[in-house]
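Work the whole structure out from these sequences, hints included.
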Amino acid sequence: MKIIASYNIKGGVGKTATAVNLAYLSAREGNRTLIWDLDPQGAATYYFRVKPKIRGGTRALVSGHRDLDDLVKGTDFESLDLLPADFSYRNMDLVLEENKRPTKQLQKLLAPMGIAYDYVFLDCPPSISLVSENVFRASHVLLVPMIPTTLSARTLDQLQEFLEGHDGLGKVNLMPFFSMVDRRKHLHVHLMETLPESFPTFLKASIPYASDVERMGLNRMPLPAYTPPSNPVTRAYEALWTEIKEGLAKTGRW
Amino acid sequence: MNEFDQAYLVPDGTDLQGIKDAFVGHYEIAEDEPRDLLRRFHDTFDWSLYHAGTVLEERSDGSRRELIWRSLRGDSPDLTWNIDRDPGFAADLPPGPEASRLASLVGIRRLLPLLEVHTRITTWRLLNEDDKTVVRLELEQNRYEDKGRERRGPISTRMRLHSVKGYEIDLQETKRLLQEDLGLSTNRTELLLEALAAAGRKPADYSSQLDFRLDPERRADATAKEILLHLLNTIEDNIPGTRANLDSEFLHDLRVAIRRTRSALTQIKDVFAPDLVERNKEAFGWLGEITGPVRDLDVYLLDFNDYQASLPEALRPHLEPLRDFIHAHYGAEQKALVEHLDSKRFRDLLREWRAFLEAPVPERSVVPNAMRPVKAVADERIWTMYKRVRKEGRAITPASPPEDMHELRKSCKKLRYLIEFFDSLYPKQEVRQLVKLMKVLLDNLGNFQDLAVQADHLRDMAQRMRDETHASTDTLLTMGVLVGHLLEHQHRAREEFAQIFMTFDSEEHQALFTSLFTPPKRKRKGA
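Chains as they are written, first to last, in this note's numbering: chain X, 17 to 270; chain F, 0 to 526.
Check each hint, because a few of them may be wrong.
What the hints assert, rightly or not - In the DSS-like style, the derived pairs of lysine-lysine whose C-alpha atoms are separated by at most 25 angstroms in a straight line are:
#1 X:K261 - X:K187
#2 X:K89 - X:K18
#3 X:K18 - F:K413
#4 F:K19 - F:K174
#5 F:K268 - F:K280
#6 X:K120 - X:K220
#7 F:K438 - X:K89
#8 F:K409 - F:K438
#9 X:K69 - F:K164
#10 F:K413 - F:K280
#11 X:K67 - F:K174
#12 F:K268 - F:K19
#13 F:K164 - X:K89
#14 X:K18 - X:K220
#15 F:K435 - F:K374
#16 X:K124 - F:K164
#17 F:K268 - F:K164
#18 X:K67 - F:K164
#19 F:K435 - F:K413
#20 F:K390 - F:K435
#21 X:K26 - X:K120
Hints are computed from structural coordinates only; laboratory data are not their basis.
The following block contains the structure:
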């Protein structure tokens, strides 16, 4: 089982679209795939038409009183399941704090899912918190969607600093990529040429800004499920997924 | 993560709209594009998979083909293989423990298509208030097609429910609607069995085994006809497979039925007119002859790997030219066989024979045994043959010539066939014990003779290979080693004979033969 987190400290950069569309592509290839919507706002859950609620809330889940598997919902797509968001996730930091090893709880919860799934995608809430630290520890890949702005470089620096400053976090594969790219903007084009130079693991694939992505909220399903195969955004997500798998194969950590 | 949950039978003539209507107020229904599935069911000619309580189904939907092996009772998980060609022999399947299990059931027989079922699957997705799919309902409309018999027609529509993980409550609700509101019942009838029934076929309608239920009081001539008619059916059943050489068992079963026919003709004595017996004995002798050469080659090919494995490793490759030689001659022998099977002589023979067997027996007959109760004739014949086997066997010493062993084998075979024809007239358990006993003795005698014949035949072939293909010295020498092995085994069989015959002829077994088969008047004499 490979765990792939879609994460950024900032909000509104396309994290959920990334997790939802990549999870869909993974399942479409026949991989048994789970997406866990960790964001209390529940956008990913909404896209899959599932109610943002889990029985017993965060506490029952983190304490292990409920098997993760019992909370999973099948989506409308074969091989793709969802662990829904719950509004109580906003207090997840507090609940994690109550445990002995508060930074390793998600890892522990996810471990038994390896029997049922080939890929797990985590859709993370923005901010750096105990939840995100848990995510960093549990994940094999940290996907960081970034809008090409001057602040992006700073965000990435901060993240890298954080990872290096904490024991056991330096090993995660940091894979930043550009999201919501508008090639009409000179600044976007300029940053896309320069920024990856200082980050060798920066992915080559990028996701264009497109109203198609925004329509995911209307259609309530992953983009490739309702656009033709020739759709440029769908193709961009396919290229991204291919590059991630190649990156995973190279590291050979599993 | 869908899993098979439950299947329902939709009675013929059910209005599908009526089923949809039952969901109004509970779920919206989204209907997916229908897709077509072709199912082909396979089994060996002797139904080995069916006898093991299993079904082998090939499924193709245009994009992929898979082979599904499942239990008839649905009590164990299905096994699935992806395939890219017709399943033929078990050895052609992707290797693995499952394929080995299948191989142990089908042996050397070829998997043949039984019939096809064309299925159109329409998926209804039941949607909740968020338009989320919560249950999948697959409607399977089926038509069978029996290509060989040119029969086709509809069979029951089935409905399968597939749960969506996390929405089990909706599955329960759907089941309730189907069962209580619509009155549908769950279905456990295997599709294959329904299709076979619709096609007017019975599963397991072929077996090479004899399984008569004879009436001891019935006239011997009528009973003999019943036995011979069954054997004729077996002969005819095996002709198409023999002609097409689907697997070597068709010819084998054909030959066994021919031998049994000759044996029944000559050993159920004095029930038919002597000239008829004489004529047909000769005719079936001819059938034995024309079917022999291909069978000989089959035996070589079947045993070839064992032959090769019995040799020192360094010699094994040198045996390959023999395999090539056999293959090279196989085509011609098979062609000759097919010509015989297509010949007027062959067709006339079977037609006349059937006409005779199907005709009622004459009201009165002057042939001595014809009108006697079959049990009395069976007792006499078996008893006489048993005494002959005993006499011939007891006379054999280590110095006896092979011909004596050969004679004994012929008598033994006759005895065994007689017991098998008439076994339903006697207590089951005891007869089964005797047949087993005969089998041990016959195996020993068979080994002794067949190995000698094979060694001779191999020598012949070596000569022909030298003349026809300039076989290398290495190959000829290797065949020589093989001949040596065969003769060694034969020698061993000869050494073991005394012990095996002694067991056969033990007091216990003598008593058993006497109690079962002594004809009544002899018993009176003894008393």
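Legend entry - Straight-line alpha-carbon gap K261 (chain X) to K187 (chain X), limit 25 angstroms: 17 angstroms, holds
Legend entry - Hinted pair K390 (chain F) and K435 (chain F), Cα distance within 25 angstroms: 20 angstroms, holds
Inset, instruction - Below or equal to 25 angstroms on CA atoms is what counts here, so check K67 (chain X) against K164 (chain F). - result: 14 angstroms, holds
Inset, instruction - Quickly compare the C-alpha distance for K413 (chain F) and K280 (chain F) to 25 angstroms and report which way the hint goes. - result: Answer holds: K413 (chain F) to K280 (chain F) is near 14 angstroms, not above 25 angstroms.
Inset, instruction - Take a quick look at whether K438 (chain F) and K89 (chain X) sit within 25 angstroms of each other, Cα to Cα. - result: 63 angstroms, violated
Legend entry - K26 (chain X) paired with K120 (chain X) [C-alpha distance capped at 25 angstroms]: 23 angstroms, holds
Legend entry - K18 (chain X) paired with K413 (chain F) [C-alpha distance capped at 25 angstroms]: Roughly 71 angstroms between the alpha carbons, so the hint for K18 (chain X) and K413 (chain F) is violated.
Legend entry - Holds or violated: K124 (chain X) to K164 (chain F), with C-alpha atoms at most 25 angstroms apart: Cα-Cα ~23 angstroms, so holds.
Inset, instruction - Decide if the proposed pair is consistent with the structure: K67 (chain X) and K174 (chain F), CA atoms, cutoff 25 angstroms inclusive. - result: This hinted pair holds, its Cα atoms lying about 23 angstroms apart.
Legend entry - Hint consistency between K268 (chain F) and K280 (chain F) [alpha-carbon to alpha-carbon, up to 25 angstroms]: At roughly 13 angstroms apart (the allowed maximum being 25 angstroms), K280 (chain F) and K268 (chain F) satisfy the hint.
Legend entry - K164 (chain F) paired with K89 (chain X) [C-alpha distance capped at 25 angstroms]: Holds, because 5 angstroms separates the two Cα atoms, which is no more than 25 angstroms.
Inset, instruction - Measure nothing beyond the straight line between the CA atoms of K435 (chain F) and K413 (chain F); if it is 25 angstroms or shorter, mark the hint as holding. - result: OK: K435 (chain F) and K413 (chain F) at ~15 angstroms, within 25 angstroms.
Hint violations for this structure: numbers 3, 6, 7, 12 and 17, all remaining hints satisfied.
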